[in-house]
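4 protein chains.
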Amino acid sequence: MSYNTFGRVFRFTTWGESHGPALGVTVDGCPPGVALDEGFVQQFLDRRRPGTSKHTTQRKEPDAVRILSGLFEGRTTGTPIQLMIENTDQRSKDYGEIAQAFRPGHADIAYHLKYGIRDYRGGGRSSARETAARVAAGGVAQAVLRELVPDLRITGYMIQMGAMHLDRARFDSSAIADNPFFLPDASAVPAWSDYLTGIRKAQDSVGAAIELLIEGCPPGLGAPVYAKLDTDLAAAMMSINAVKGVEIGEGMGAAALTGTGNADEIRMGNDGPVFASNHAGGILGGISTGQDIVLRFSVKPTSSILTPRRTIDRNGKDIELVTKGRHDPCVGIRAVPIAEAMAACVLLDHLLLDRAQTGGQRGRIGG
Amino acid sequence: MSYNTFGRVFRFTTWGESHGPALGVTVDGCPPGVALDEGFVQQFLDRRRPGTSKHTTQRKEPDAVRILSGLFEGRTTGTPIQLMIENTDQRSKDYGEIAQAFRPGHADIAYHLKYGIRDYRGGGRSSARETAARVAAGGVAQAVLRELVPDLRITGYMIQMGAMHLDRARFDSSAIADNPFFLPDASAVPAWSDYLTGIRKAQDSVGAAIELLIEGCPPGLGAPVYAKLDTDLAAAMMSINAVKGVEIGEGMGAAALTGTGNADEIRMGNDGPVFASNHAGGILGGISTGQDIVLRFSVKPTSSILTPRRTIDRNGKDIELVTKGRHDPCVGIRAVPIAEAMAACVLLDHLLLDRAQTGGQRGRIGG
Amino acid sequence: MSYNTFGRVFRFTTWGESHGPALGVTVDGCPPGVALDEGFVQQFLDRRRPGTSKHTTQRKEPDAVRILSGLFEGRTTGTPIQLMIENTDQRSKDYGEIAQAFRPGHADIAYHLKYGIRDYRGGGRSSARETAARVAAGGVAQAVLRELVPDLRITGYMIQMGAMHLDRARFDSSAIADNPFFLPDASAVPAWSDYLTGIRKAQDSVGAAIELLIEGCPPGLGAPVYAKLDTDLAAAMMSINAVKGVEIGEGMGAAALTGTGNADEIRMGNDGPVFASNHAGGILGGISTGQDIVLRFSVKPTSSILTPRRTIDRNGKDIELVTKGRHDPCVGIRAVPIAEAMAACVLLDHLLLDRAQTGGQRGRIGG
Amino acid sequence: MSYNTFGRVFRFTTWGESHGPALGVTVDGCPPGVALDEGFVQQFLDRRRPGTSKHTTQRKEPDAVRILSGLFEGRTTGTPIQLMIENTDQRSKDYGEIAQAFRPGHADIAYHLKYGIRDYRGGGRSSARETAARVAAGGVAQAVLRELVPDLRITGYMIQMGAMHLDRARFDSSAIADNPFFLPDASAVPAWSDYLTGIRKAQDSVGAAIELLIEGCPPGLGAPVYAKLDTDLAAAMMSINAVKGVEIGEGMGAAALTGTGNADEIRMGNDGPVFASNHAGGILGGISTGQDIVLRFSVKPTSSILTPRRTIDRNGKDIELVTKGRHDPCVGIRAVPIAEAMAACVLLDHLLLDRAQTGGQRGRIGG
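So the protein lines, in turn, are chains H, A, W and Z.
So that you can map any letter, position 147 of the first sequence is 127 in the working numbering, and since no number is skipped, the others follow by simple counting.
So that you can map any letter, position 152 of the second sequence is 132 in the working numbering, and since no number is skipped, the others follow by simple counting.
So that you can map any letter, position 29 of the third sequence is 9 in the working numbering, and since no number is skipped, the others follow by simple counting.
So that you can map any letter, position 148 of the fourth sequence is 128 in the working numbering, and since no number is skipped, the others follow by simple counting.
Do not rely on the hints blindly, as some may be mistaken.
[As the list claims (entries may be wrong)] Calculated cross-link-like contacts (lysine to aspartate or glutamate; reagent style DMTMM-like; alpha-carbon spacing at most 25 Å):
#1 K297(Z) / E300(W)
#2 K34(A) / D152(A)
#3 K297(A) / D17(H)
#4 K181(W) / E300(W)
#5 K297(A) / D272(H)
[To be verified] Just the calculated beta-carbon pair ranges, DEER-fashion:
#6 F20(H) / A157(Z): 52 to 60 Å
#7 F20(H) / T177(A): 55 to 63 Å
#8 R46(Z) / V129(A): 36 to 44 Å
It should be emphasised that the hints constitute simulated quantities derived from the structure, not laboratory data.
Backbone N, C-alpha and C fix where the C-beta goes; we use that ideal spot for every residue, glycine too.
Let's have the full structure, built from the sequences with the hints guiding it.
If you want it as structure tokens, here you go:
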């Protein structure tokens, strides 16, 4: 994890700005011989793509991925995989105001202070467009995981959007793919839709919370003490634009629990240990136990809003600023496929890292 | 961040088990010429040390640090600094039960599954004793920060312990050092003390939430997109034993906010930008803005409790287990100095990393 | 230095195969605000480009570089710089033979054994075309060095090609740019030219030795003990295709020397220490002293030759193979700009790494 | 390879100075369940230990290693292994002269310029005592390799010492262990002994060249293009004190060869490919082929000699300096076990790295 690189053994490096000619990702350390093509990666990008419903930005970015290296006759070769996405919908517009001013809640002022120079067009490197590159990397990871751990399933969904909360009693994973909110409750979609429409019409935006459920993760992934699986998952999520909190298992709620209540008791089942509960979220001592891994993260409201906000410009002058443009009223929605992609990369990285150290052997219990 | 190493340019590697002869940390990349001695580091270790009040484990570990390398005539030389702590209070006891059984909530089962072998004495590598090594590394970082950023101040304190919450209206930082809870409210100490005594007498334990306030952090620390300052701080906290959630600024609460409410508006002050609020927690786009950095994390209840819990042993046999020994009823208390140490290491690492890339120059605003 | 990434703080990752649609390099950690454009990088690529004389392959690859990210208004922004070169002269040909057979001296058999799959077209990832990406990265490094260390000069030249040796008594650096051999002796060019023509007409190839002279390197670059400047320079050179040996200062000849003869005695000059000799090649204890850095490396003869050679195919059948195509009779020639590029990257990386740890301050001698 | 850390997946970090209380190494990423004890590591240290013959320094350093972590019941646990060696023979002496002066050929001046402070006692961090820590790490690597690749054998021996050269016609590997020069020719030992005695009596020192022969290395270790096996081996050797040149296979001599002469032709044997020659030194495209790996490196003469040499002191004053003390007349001798240790670490690291990416599967030839 150095500057723009993520991962240890399965590593990817993203590059590109919002309004440059292209952006992309170099994936290094991918196992060889894995079936992969652009169509497979594209399906993940399509889930993240803007303009797919009225609830996301109306920018028309096809986000068509091209694979420029690392494939041969439909299989990975073990050499770097370059995935490039050309930026096509860069409206020519006057960036004069943003060039000079620092939009509140955006990285503008931080980049300016650090680098003294910034590509202000569409947020440049700090734009959420960078996440398209992560999703492409995640597509590669998913292709490998499909071969190495066929039972693994990573599912993201929204559990909160501003005042709206998922009713867990109505949890239905089959609903997730069928609504623009990645919401596992079809019955709540109209209310969420009305709510977000109201937010947008009020020239406002809203935050969100997303949960990731990882089923079928083998035990033994992760390592003490700075390569813990939960550490890396937390870093992966926190590296996504606008994320402000990450929780594993009980998360922040663990502060309220007692030890008797928090203990995940174990009994021996037919196929190995069976846990009576999952307060831990599937990870103990930084290492997966074979239970479902459960994590959550929050996404702050889109900072680009049409309601004027007070700020300053480069000359230190006090001004008021309205961030025009076509912005998501809730960036948290599109964070779902992004988080799935990051989780896929983390899991594959740890799978390979574990294979390096232990050869993939597991300690036995019983028989 | 590879296995047992943390950091990029200022890096440390911890080693050692709970009941081995010693544990320690190798600090690499430390700037040369910095005044440092064992006494300076010891003061940080003393804050973390067990046995200092009835609310922490009654093990008597002096945790006396020895510096074996990297110092010359009272100053750092720029070469690796080895800080070693001998383990002295290793009661000879019968570990037979723990050797065979997996304590619920502990890393026992995860280590067994991954490695097929584990040092079960006191938890081995997964013991919180490893955190003494981090605190020693943090002491080195603090010595360097004191010279490079004299105004920087890192303050940790508890904000929740089970049912007890800090009343922020009574926040008083001067109280923190004077009570066993690192609590910034002297008036609440008796109630917290009674509460925890009750927990302990009930043979139970309890979780906690800690907040870190970092004042005087210069702007420009952090980097897109996988070396974000908040990403690294989150990873640092999540790598601490028993931590289950991390929040920056508004944290998980950001999910409930609107964009108008979340915007930290800016005005020009005499000494630079002044923010009207700090929902962001001092970090935008992964880079510090010069505002206070605010983060929180939760610590789960101590898993070692005297109340029997159901589990299995290595033979797959269902058993009941009581974790005897001298355990903290709330490990969150001692997490305060540990978190401060990790934050010091992250900040120094980013200070040096920024110095590498930008030479420490800052973009100007105004004049 | 992980798989396809080189460097610590100034890092680059190359990607692409010989006959894929494109190849390129992602440069990460570049200081911001540095003047850079495609033309500046292109001049380095043009020096490496094939087809510039009868002594290099007659493939026509324009090697035109495009910068896709990391620049804004003619300056670096501190974000990743993607430099892409499209592959244009990929003759459609029948690769049937190479697809099945392992060319002696080539990576074919090693890649096959390791990965089980390989892009055999033109050597795929093991092709020397990858070095175009390094040269592009080196161009970025040169742009930064030009600003940070204006007096630094990196000069590569051939000192041997098969039976031909540079006569050091006739060393003339001004001649290097004016002949196809990067030879610092204009008078020897006809003989070298005749010699290489003879090699080529004999359907053979020949090895070479190159020397790098680095003038104006500031003292203090490098670090004990696994980030030594000479260690990194050696790794950088050895990572170039076909390189089989690397020497610093006296190199392998140091084995024959005595301590009295090898000592570089020091006297105090007007501007600091003056060394009476430079057996060390400008580096002591892994750290630059301010003397000229001198290193040499050898390049094996091109393995692709028209003379038939015995080998086997994937079925384990013994065959004879002629490597047709347009190959350099001496790949060592084009190694000169490649080595300069690698040296530039190493020096910049260490300059930034030193800036991280010491802030660039130097210990004083005298006054 | 960051500052004092070497390796990717099997990583070690050395620490300690020549005259501090102790030095050591933290080995991270070691596979679990491997039989290991102090005695096994000690045998490697004993081969490197000074004072074993009249041809090495007469310092009496027992170099007794203690393992402080990472072992349990005689097996590795997969957690960091700390190996510590206490410094016992630190003669109290007056370092006044060395404290102020820069010994020619030593790192003194380079460290001073970089750090502004240096532990001058015995060379501090730049002392060859650091190599004891590498040898300890190599002992751990050897223990793992013995289990994972039982047929692997790493053999180092001297091939040159000043004017003395190994007569390859008399090569006898069984002689290596029985003479103080690690010389594979018993008949030459008296002459080498006389020669070195003469050097020592002349208050001089002499350089050396060492060869490493690695038999039984599986194919497929190494990776394009910056994790090549030869790149890492070269870096490993060049990181050893006083090494000035590294060669793989034909090495610098490759510059004189033609392509027809250099081709290692292949025929199919009963157990796989058989190479008719080994100009490549066992590595093609950075990846092992299964042939013997052959590498050589040179070691410069000991810089500490009793013959006076001209230099300067910290005040910039011209002086003459004699380096008193008990120094090896040929440090190259003890470089043999050090190089073997480094090679063991590189090979294990690449074995694990390959296991990560490919799972250890190999492409088939024939059948």
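Quick rundown of the hints versus the structure:
Between the alpha carbons of K297(Z) and E300(W) the distance comes to roughly 68 Å, so the proposed pair goes past 25 Å and is violated. Proposed proximity of K34(A) and D152(A) is supported: the alpha carbons are some 23 Å apart, at most 25 Å. About 48 Å separates the Cα atoms of K297(A) and D17(H), which puts this hinted pair outside 25 Å; it is violated. Among the hinted pairs, K181(W) with E300(W) is consistent with the structure: their alpha-carbon atoms are about 20 Å apart, no more than 25 Å.
For the hint pairing K297(A) with D272(H), the CA-to-CA distance comes to about 23 Å; that is within 25 Å, so the pair holds. Checked against the hint of 52 to 60 Å, the C-beta distance between F20(H) and A157(Z) comes to roughly 57 Å, which is consistent with it. The hinted window of 55 to 63 Å between F20(H) and T177(A) holds, with their beta carbons roughly 59 Å apart. For R46(Z) paired with V129(A), a C-beta distance near 38 Å keeps the hint of 36 to 44 Å intact.
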